Every structure is written in C-alpha cells, then in structure tokens.
Amino acid sequence: MQIFPCPFCGERNETEFHFAGELGKIRPDTTADVEADAWARYLYTQRNEKGHVREVWMHIPCAELFVLERDSVTMDVLGSHPLRKPPK
Amino acid sequence: MSMRRIDNFGLVDRAKPLSFSFDGRRYRGFDGDTVASALIASDVRILGRSFKYHRPRGLWSAWSDDPNAIMDISQNGRVLPNCQASTTYLEDAMSARAVNAWPSAARDIKGGLDLFHRWLGAGFYYKTFMWPDWHLFEPAIRKMAGLGSVSQDVLSDYCADQTFDHCDVLVVGGGAAGLTAARAASEDGQNVCLVDDQRLPGGGVYQMQSVDGQDPSDWVADQCKAIRTAGGRILNQTTAYGVYDHGLIGLMQTHRFGVAPGLIRMRADRVVLATGALDRPITFPENDRPGIMSLAGSAELLARYGVLVGQNLAVVANHSLAETSIALLTRAGAEITRIDPKVRPFKAYKGARATGLKQGGHARLFDAVLTSGGMTPVIHLWRHMGGKLDWCETRQAFLPAETPAKMIAIGAANGTFEIDVALEEARCAGIGHASLRADTRYHITALWPEPASKGRQWIDFQHDVTLKDIEIAAQENYVSVEHLKRYTTLGMASDQGKTSNMAGLAAMAALQGQSIPEVGTTTFRPPFVPVPLELYRGPHREQNWHPLKRLPLENTHRAMGAALGEYGGWLRPGWYGDGDPKTQIAAEVRAARTSVGLFDASPLGKIDVMGPDAADFLNFIYYNTINTMTVGSIRYGFMLTEAGVIYDDGVVTRMAHNHFVVSCSSSHVDGVRMHLEAWRQDGHDPDNIYIHDTTQHWATATITGPKARHVLNSLGLDIDLDGAVFAHMSLRETQWQGTHVRIARVSFSGDTSFEVSIRASRAASLWDALVRAGAPFGLCAIGIEAMSIMRAEKGYIIIGKDTDGETMPHDLGFAGPRIKKTSAFLGDRSLHTDKANDKARRQLVGLISENGLLPTGAHIVHAGQSRGYVTSSYDSPTLNGPIALALIANGHARMGEAVEIWHLGETQTAEICAPCFFDIKGEQLHA
Numbered sequence: 012m013q014i015f016p017c018p019f020c021g022e023r024n025e026t027e028f029h030f031a032g033e034l035g036k037i038r039p040d041t042t043a044d045v046e047a048d049a050w051a052r053y054l055y056t057q058r059n060e061k062g063h064v065r066e067v068w069m070h071i072p073c074a075e076l077f078v079l080e081r082d083s084v085t086m087d088v089l090g091s092h093p094l095r096k097p098p099k
Numbered sequence: 038m039s040m041r042r043i044d045n046f047g048l049v050d051r052a053k054p055l056s057f058s059f060d061g062r063r064y065r066g067f068d069g070d071t072v073a074s075a076l077i078a079s080d081v082r083i084l085g086r087s088f089k090y091h092r093p094r095g096l097w098s099a100w101s102d103d104p105n106a107i108m109d110i111s112q113n114g115r116v117l118p119n120c121q122a123s124t125t126y127l128e129d130a131m132s133a134r135a136v137n138a139w140p141s142a143a144r145d146i147k148g149g150l151d152l153f154h155r156w157l158g159a160g161f162y163y164k165t166f167m168w169p170d171w172h173l174f175e176p177a178i179r180k181m182a183g184l185g186s187v188s189q190d191v192l193s194d195y196c197a198d199q200t201f202d203h204c205d206v207l208v209v210g211g212g213a214a215g216l217t218a219a220r221a222a223s224e225d226g227q228n229v230c231l232v233d234d235q236r237l238p239g240g241g242v243y244q245m246q247s248v249d250g251q252d253p254s255d256w257v258a259d260q261c262k263a264i265r266t267a268g269g270r271i272l273n274q275t276t277a278y279g280v281y282d283h284g285l286i287g288l289m290q291t292h293r294f295g296v297a298p299g300l301i302r303m304r305a306d307r308v309v310l311a312t313g314a315l316d317r318p319i320t321f322p323e324n325d326r327p328g329i330m331s332l333a334g335s336a337e338l339l340a341r342y343g344v345l346v347g348q349n350l351a352v353v354a355n356h357s358l359a360e361t362s363i364a365l366l367t368r369a370g371a372e373i374t375r376i377d378p379k380v381r382p383f384k385a386y387k388g389a390r391a392t393g394l395k396q397g398g399h400a401r402l403f404d405a406v407l408t409s410g411g412m413t414p415v416i417h418l419w420r421h422m423g424g425k426l427d428w429c430e431t432r433q434a435f436l437p438a439e440t441p442a443k444m445i446a447i448g449a450a451n452g453t454f455e456i457d458v459a460l461e462e463a464r465c466a467g468i469g470h471a472s473l474r475a476d477t478r479y480h481i482t483a484l485w486p487e488p489a490s491k492g493r494q495w496i497d498f499q500h501d502v503t504l505k506d507i508e509i510a511a512q513e514n515y516v517s518v519e520h521l522k523r524y525t526t527l528g529m530a531s532d533q534g535k536t537s538n539m540a541g542l543a544a545m546a547a548l549q550g551q552s553i554p555e556v557g558t559t560t561f562r563p564p565f566v567p568v569p570l571e572l573y574r575g576p577h578r579e580q581n582w583h584p585l586k587r588l589p590l591e592n593t594h595r596a597m598g599a600a601l602g603e604y605g606g607w608l609r610p611g612w613y614g615d616g617d618p619k620t621q622i623a624a625e626v627r628a629a630r631t632s633v634g635l636f637d638a639s640p641l642g643k644i645d646v647m648g649p650d651a652a653d654f655l656n657f658i659y660y661n662t663i664n665t666m667t668v669g670s671i672r673y674g675f676m677l678t679e680a681g682v683i684y685d686d687g688v689v690t691r692m693a694h695n696h697f698v699v700s701c702s703s704s705h706v707d708g709v710r711m712h713l714e715a716w717r718q719d720g721h722d723p724d725n726i727y728i729h730d731t732t733q734h735w736a737t738a739t740i741t742g743p744k745a746r747h748v749l750n751s752l753g754l755d756i757d758l759d760g761a762v763f764a765h766m767s768l769r770e771t772q773w774q775g776t777h778v779r780i781a782r783v784s785f786s787g788d789t790s791f792e793v794s795i796r797a798s799r800a801a802s803l804w805d806a807l808v809r810a811g812a813p814f815g816l817c818a819i820g821i822e823a824m825s826i827m828r829a830e831k832g833y834i835i836i837g838k839d840t841d842g843e844t845m846p847h848d849l850g851f852a853g854p855r856i857k858k859t860s861a862f863l864g865d866r867s868l869h870t871d872k873a874n875d876k877a878r879r880q881l882v883g884l885i886s887e888n889g890l891l892p893t894g895a896h897i898v899h900a901g902q903s904r905g906y907v908t909s910s911y912d913s914p915t916l917n918g919p920i921a922l923a924l925i926a927n928g929h930a931r932m933g934e935a936v937e938i939w940h941l942g943e944t945q946t947a948e949i950c951a952p953c954f955f956d957i958k959g960e961q962l963h964a
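Just so you know, the sequences run in chain order A and B.
Going by my numbering, the first residue of the first sequence is number 12, and it counts up by one from there.
Going by my numbering, the first residue of the second sequence is number 38, and it counts up by one from there.
With the rest of the complex left out, here is chain A (with noise of 0.2 Å):
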C-alpha cells in the first residue's frame, strides 16, 4: 500500500486516491480544426515514462487535484502540490 501525500490532508492510503492523468496534456482547440491525429493522441496516448513521472491525482475525501511527483521505478514519492500552485 502506497502513501500519498495530498497537499491539503497530508499522507494517506493509496485507496483514497484516484489518478487523474499525466501532467501537461493541454486540451486541443476544438473551436479550430483540429486533426484527427492530433485528436487521437491526446484521448490516447500516454507517455508512460519510467522514472521521474509527474502526474495529476485527486485525493477523494477532499475533492482536491493536485501534481505527484513519484518515481514509477522505485515507487518513491517525490513530492507533491496544488495543481495551482507549483512550488517556488
């Protein structure tokens, strides 16, 4: 069982954790063309890295998004903060 550290609640258990996608994935202008593959790539595809990963989890209870930073090696927890605010 993994501990996360949710930037508002502290560590908590995995469980109460829901992954919401890799950081970065910008959202296409649908009010432009947008091509098909370019479309495809961001519903689908991942970047799965091995290492760093930086991520974009909702801890449950509190509803809150926010970034985790973890190694998807070593299962280390790197860090974490609000999806708004990076730290300084």
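It should be emphasised that the hints constitute simulated quantities derived from the structure, not laboratory data.
Since we're looking at a predicted model, the values are computed, not measured.
For every residue, glycine included, the Cβ atom is placed at its ideal position computed from N, Cα and C.
The hints are all genuine.
Chain A regions said to be covered by chain B (calculated; three or more residues, Cβ under 8 Å): (1) 12-25; (2) 40-47; (3) 70-80.
Using the hints provided, position chain B relative to the given structure of chain A.
Chain B alone, transformed into the frame defined by chain A:
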C-alpha cells in the same frame, strides 16, 4: 522400532490429551501438538499423496516448509480445505482427510498412475492434448486436478479482522536472534513489535541443550518477560507473509481452528529479519519415499513435540550444523548411522514399514532416513522489500547483500549460524546497527543434483518434479529459471518452492555449465505461506462494502406496504402492495396514466454549480447549449466523455444568473460530482466556479398524470399552475407551510408532471399532504418499476441500459448541437471522427412484436451477425401489448422494416418503429 513419543522431551501438555481422526481412523495427541506431530507420534507414515503421480508422501518437515501433509480438516461442522498439517494446531474432535487421495492416503485408488510416469514428464499435457482439440480433454483433466475440496456451507461468521498498526521496530521471527534483537530494541526505548508464527516463540532453541548458559525454555521466558516489561509487544501465531509497496507488511494472525485469521497491516520504521534458515533436501534416487525426512525437521519434532521418528536412524548430511541435531536425537536414545552421500551409487527403496538405502552394493533398512543438504536462509521478505542477494560459496547459499532501507537481517537468515555470533549481531541490530558479516565456523561440502545420473530423483515433492523433468526443460530450451518454473511447475506447489527451488536452480546451473548465482533465483512474491482469501476480504462485504443509500421517506414507504429493493445503490420502492408484482405494477401505471401517481424521486442528483463562470463552465461540460438558458428555465441534456460517448443525462435548471442545479441520474451522482470537480480545477478557474452536491439535502415528490395539477392546486401554493403560465421545462420557487419548496415542471413519465422538492426533514409532511390532497382524484403511489415502464412507453432512455459504451447523442436522435454548437464542449471533436460518422452506428429505435414480449438483451441478427440488441422491453399496461427499445445498426433509416430477433437459439421477427409509443405528439406532456 517405530515413531513414538519420548518422555521428558517436547513442550506439549501431556495432561491434556486430545482425540481426532485421520482418513477415518481415530488417534490421540496432546494439547500443543500439530495435526502432523500427533500423527507421527501415532506412527502414521503416509500422510498424503503427491499431486501428479499420487506417490505416497510422509512428513518432510515440522513446520511451514513441509510440502507433503495437506489435509481437509473439519471440526464442529466447520470444514477448511488444504490445511497444512504441520502448522495446524491439534484440537479435540478434529477430523482430517488427506487431499488428492481416495479412499485414504495409505490406499489411494489413483496410486497406479505412477506406473505411467515414463509418459507423464514435463510438458506432457502441452504436447499430448493438442490434437484434435484441448477442450475435449479439459473437463476430465480439470476433474483430476486440484487438491482439497471446498465445503458448500457458508461460514457466515468466518470474517477476518483487519487492523492497521505501527511500530518503531518490527522483529520478524522469535528465535534466539529475534528475541535478543527485540529485547535490545525495547530496552533502548523503542516501540517494538515481535511476531512469531508459532504458539511458543523460541524458534529452534529448544533443540539446544542451553542458550547463554540457561535452559532454553527458561531463556525464552526471560526474554519475553524483559521485552514486555520494556513495553514491547509479542504477537504469537502471527506470520509476516509479505512486504508490499512503501514497506507495508502483511501480518496474518491465526486463531483457533475455524476462526478466520486476522490481518494486521503493519508499518514499521525498521524491520529486523530473524526468520532463520530451512533445511534443504538431498537429491538422490527415490528420495521421496515416506520415512525420508528433513534432519532439522525431525530434531524440531523431538524438541517441540517430544516425538522421535524412529530408533534406528540414518543421517545423510553434508554440513557441520547437523551435529546439533544428531546430538539431540542421540540424547533421546536414537541409534544414528552416518551415511556419506558422496559415495555412489546411492538410492532409497521401499521396505515394509521401513525405508531402505542401497549404497555401493550394500542394502540396509532404517526406521527413517534423515537428510540435510545444507541450510537455506529464509530471505523471502528481504526480496519482497527489494533487498539484493549475494551467493556465498562458503555457505553454499544466497545471503542478504547490502541492506535495503529499513531492513536488517540477522541470525540464520543472514547466514550467521553460530549462536554466540548471532546473539551479538541481534543486540546490535536491536539498537539499529548492522554488523559486518563475520567469518563462519560453519562448514559444508557442496552437494547438488547431478544431471544424467540414474533413477527418479525428486526435486519438488508435492508437484512431482524430478531431475529428469528439469533435463527435459533444459533440452527444450526452457533454461531461464522463470521459464523452467512455469514449464515444469517446479516451486509452484503450495509451499512455493521452500524445499525445491535451490535444488532446481542448481540442477539447471549444472545442465548449463553455469554457476548457481549465474542462473539466479525466481522472483520471490508474497505470500510466504498460503493465506485464505478471507484475509483480504475481511469486513469489506455487504453493507460495509457498498452501503445502501436510504431515502428520508423510507419509513413512510414501509408503512404504505412498499416492496423495497436496491436500484442504483438506493433502497427504494419497486412497487407497493403484497399482491403479484406484475399486477401491482400494471395497476400503478394505469392509475398514473388515467388519474395521478405519486413517486419518490429523491435520489435524483441535485448538484449546485455556482459562480461567475458557472454558465460557461456548464456550457463546456454539456453537449447542449446551457449559457443561453433564461433564469427559471430547465433544459434536458447530455454530458459526454472526451471520447464523445454519453456519460450521463438529466436536466439542468438555471436558478439564478450564476446558479445552476445539475440533476444527474440517481446512480451517478458521485461520479458526476467528481467529473465536474476534475474539469473545474483543471482547465477552468476554480475561484469562479463552486460545486456543491445537495442531493441528500432535498427530498423530491413527483406528481404525475392528467390530474397532477389538481392535486398540486389543493396544496394551496401561491403560484399559478396553469399550463400556459407555468410551462413544461420551467421552475417555480415558493413556500409550503413556511418551508421553501422548488417545483420543477419536468417529466420522466411522459405525462404532465411536477417535481416538488423540499428539505429532507419536511419530506414526510409533504408526502402525507400530497396523499391526502390526491385521495379525491384517485392518487396512487407508484414505485420505480412502474416509472420504468412509463418512461419506456415514452421512449425516454436510462443511461447504461438504453445506451452503451459507444452511444453518442446523435445515435439517440439528438443531433442538433453536434452540427450547430460553435463553442467548445467535452467530447466535441470525437463526434466528428470516421467512427462517429459511420453509417452503421447502432441507433435507438422502438420495436413492435406480434409474438409477445421480446427478451431484453436479445440480438437483432442479419446473415448470422448481430446488428444490435434489445435494451428495454416491457408489457405496456397503457398500450395493452409489448413494447421494446433497441439499439440497431443504421436503425433510424430503417423504420417499418421487419428484423429477425435471436435469443438463446430461438428466433422471432419484430418491426422497427420510432422509439415512442405514448403521446407521440406531446399533447399530454404539455397539457
């Protein structure tokens, strides 16, 4: 002479005799015995049968490393399958039966299978049952496979306690090293928890004459007392069976027979691993015969249970630790014959109630042959934790390499086999210092399987993997140990290779001309011992797992005779009255269609979305245009996923310029709230949008039918209910008896309907008032079954029933926003992919059948292929006939066509029509 109990040896309580049976025969044992030790004390030589060849199996060892004695055990009507006889403590009136044997382990009817061993080697099934089709053979083979049988009885009180715990230092293993480390740590002021899997801690110390100059029992008692005095905890009969992510350690605490074990999820700042070492078998021909057993195991049987496995014993060993065991056995009066396994040929054979050994032409019979091929440190948890292993040539074993964070291995688990060195190492570990591994006085002669040697030589006793099988695997290029394991099932028995893995990989190393460390080990995975699935389930069941949501009006419904059932996670009335449900439901539909029905719609979602950006936010979330809505208006719409698939449907109400209420499906509220939250915080300005789920705050009573307005009028509200003023899809707010109410003119039934919402605490008063007001008009309370029929008559969908994971709004006939909406919305681009434009998309239609009710789920077939399926099907009380909704390929363009319906091998025909059977022009809806 046979196996027997020796006076003055062992820890069992001889004042407490216990009676039990095995394979139908009665035996006696003592309190403190395991089922296995009591059987050995009663001179029972055959305790089981091997998995494949049904070879007779005696006890191999005294604790969790025994692969042979597996039994279905019952007591007081409780039956537990596949119990390890060597770790199940004996209780009075137990009844044990060997698995994989009939009628008994001693006389197994399938024992003859062994005659065919020549054809049943590794890969036999893969190679033999290919032609013509594996599935022809599968049922018979499956029937032969498997071990114990599961009782059909449900043990409703068999429920594992699950707790979370924490300590500074967790010491795993209560042998000499573990006790010493736990004492040092707790006297150092640390919060210590020591776990030991036996009833009495002490590990192998009872085999010794003295520890630290003391009698072993006194020494153990002193250490336990000191640990407890210093505030440490000792958990007996508790196995640390696995280390999981972020160092979580699973502890299984077993109780008396028939009581579910407890799970402790332990987090410790440090773990001291004092799990000891296991004796490993020697590989020689016929080494699986009953009576051939582990030397350390037989010493443990004597030390803990006072059982000597025979008078005339052969010892086959290759290392210096064997002397301690031999000394103990000699003290108990055994006569020991030392056999040097290096002198070959060397093989076992079957004697009458004895085990024979042939060596260099001489044949001799022994009561038992005790073998020891060296000590293998128990480093399972070390590997779970991510610790590395080093091969030690001196000890011929894998030892813990550099220490992973948070774990120190000590004592025999660390290859420290000398008690004095181990105790010092343990004291250091207790206060947090790892010590350098000292030179060892332990001496061992390498002795590993010799490929190409003659005879059937067992590597895995339970799964019948022999040296020959490993040779076959190597020949067929399954040379990686992971492939070897899966091809031969080596180490895949219930003991997970505790006895077999080292010999197996050494054999592969010899076959490959490599060293043992070059071949390496298979991955160590939890659990270390078999654990019942119940351990993981625990209280996560029924109401604890998925609590029902309850209506504020539940008591009112009960008083009205409601048949309550679970619908989408809510306990709500399916119908009212005790009569035949079908008749009751039809009567409710007719009453609601002809006069007026009263329906509890409280579970409907009510999520407030507020703030300056609320309108634009919902305009993005919804397929439909939301930001043009006027205050007080209501709009029906869809939420899509980014893939363009319908996620939820429902109505949105604009309460005020910056305030909306999203009314999502009853079963979807939590999901929709999370969906809204995620998009609010990611992609929008969360300071300008607020989301608040008020579903539980409101109770909603729906009045529906031609007389709905009359009933509502008699409540005396100060609003004009006239259809021309208070139009369909609009909202009024007012007071009822001093309480704020919302009245929404929306409809799920297809008739004129008003949803009256009031705070939950006032729900019963409102409901009663409506019942009284409705009485003169023939008001009838209706359940969700009647509502489901009425909505289907009107062609209103239920998400997930009339839609699936591919349905897009234009498949349901809602094509407008897809073409016209210019602002961005969720899933917009996905509505214009090739897939979305496909002509053969399944579209919602109605079906008329002349041959009665169509089965829900029945397929619409054409040329042997499914073209869609029936999603909803009812006997309509309103139309006096069957109606159905279906998703059919290109259905919108096929109105009036006859289609073939297939269900469970039977076919019938139906005609495609528009998905609306009632009030097609909407006159009643808007009346």
